[in-house]
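Asker: Sequence:
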Amino acid sequence: TSLLRKLTPLANAVEALPTAALRFDVGAIRTAGPYLPRFATIPPWESMKLTTPFSTVLDDAGVSSAFLRNWIDTLCFCLSGLPADGTITAEMAMMMGEFYDDGAVMDC
Numbered sequence: 266t267s268l269l270r271k272l273t274p275l276a277n278a279v280e281a282l283p284t285a286a287l288r289f290d291v292g293a294i295r296t297a298g299p300y301l302p303r304f305a306t307i308p309p310w311e312s313m314k315l316t317t318p319f320s321t322v323l324d325d326a327g328v329s330s331a332f333l334r335n336w337i338d339t340l341c342f343c344l345s346g347l348p349a350d351g352t353i354t355a356e357m358a359m360m361m362g363e364f365y366d367d368g369a370v371m372d373c
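For reference, each letter of the sequence shown is one residue, going 266 to 373 in the numbering used here.
I should point out that these hints are in silico values taken from the structure, not numbers from a laboratory. Do not rely on the hints blindly, as some may be mistaken.
What the hints assert, rightly or not - Label pairs and their in silico Cβ distance ranges:
1. A293 to G351: 23 to 29 Å
2. L344 to R303: 37 to 43 Å
3. F332 to T284: 27 to 33 Å
4. E363 to L287: 28 to 34 Å
5. V370 to T317: 44 to 50 Å
6. L269 to A293: 27 to 33 Å
7. F364 to M313: 21 to 27 Å
8. M371 to F289: 16 to 22 Å
9. L333 to A286: 30 to 36 Å
10. G292 to A369: 16 to 22 Å
Just so it is clear, CB atoms sit at the ideal spot from N, CA and C, and this is done for glycine as well.
Model the full structure from these sequences, guided by the hints.
Answerer: Printed below as a string of structure tokens:
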């Protein structure tokens with residue numbers, strides 16, 4: 266659907282540069298450096314969306330179903346403790362990317 270099409274490049278961006286590799290010191294060269302060539306293949310306008318609220322992605326995808334928005338708010342809350350308007354896109358892109366992997370299982 267439209268939401269999954271919007272999420273695919275975002276999930277790829279999160280997968281290309283793991284958050285565990287990010288740091289704010291000179292050591293970032295060593296931890297993030299190996300991932301930068303792959304991350305550089307992601308269009309900048311996509312990777313910039315990773316820090317926006319996930320509700321922005323829902324709006325851009327035209328998600329208007331109250332049921333679906335409530336379901337996604339629930340998923341966001343389970344992940345971050347906040348609804349979609351308080352959860353950054355990177356978190357949901359990672360989760361939704363893994364959610365639809367072959368053999369994925371939702372365990373509550």
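Asker: Could you tell me which of the numbered hints above are not met by this structure, giving the numbers in increasing order?
Answerer: 2, 4, 5, 8 and 10
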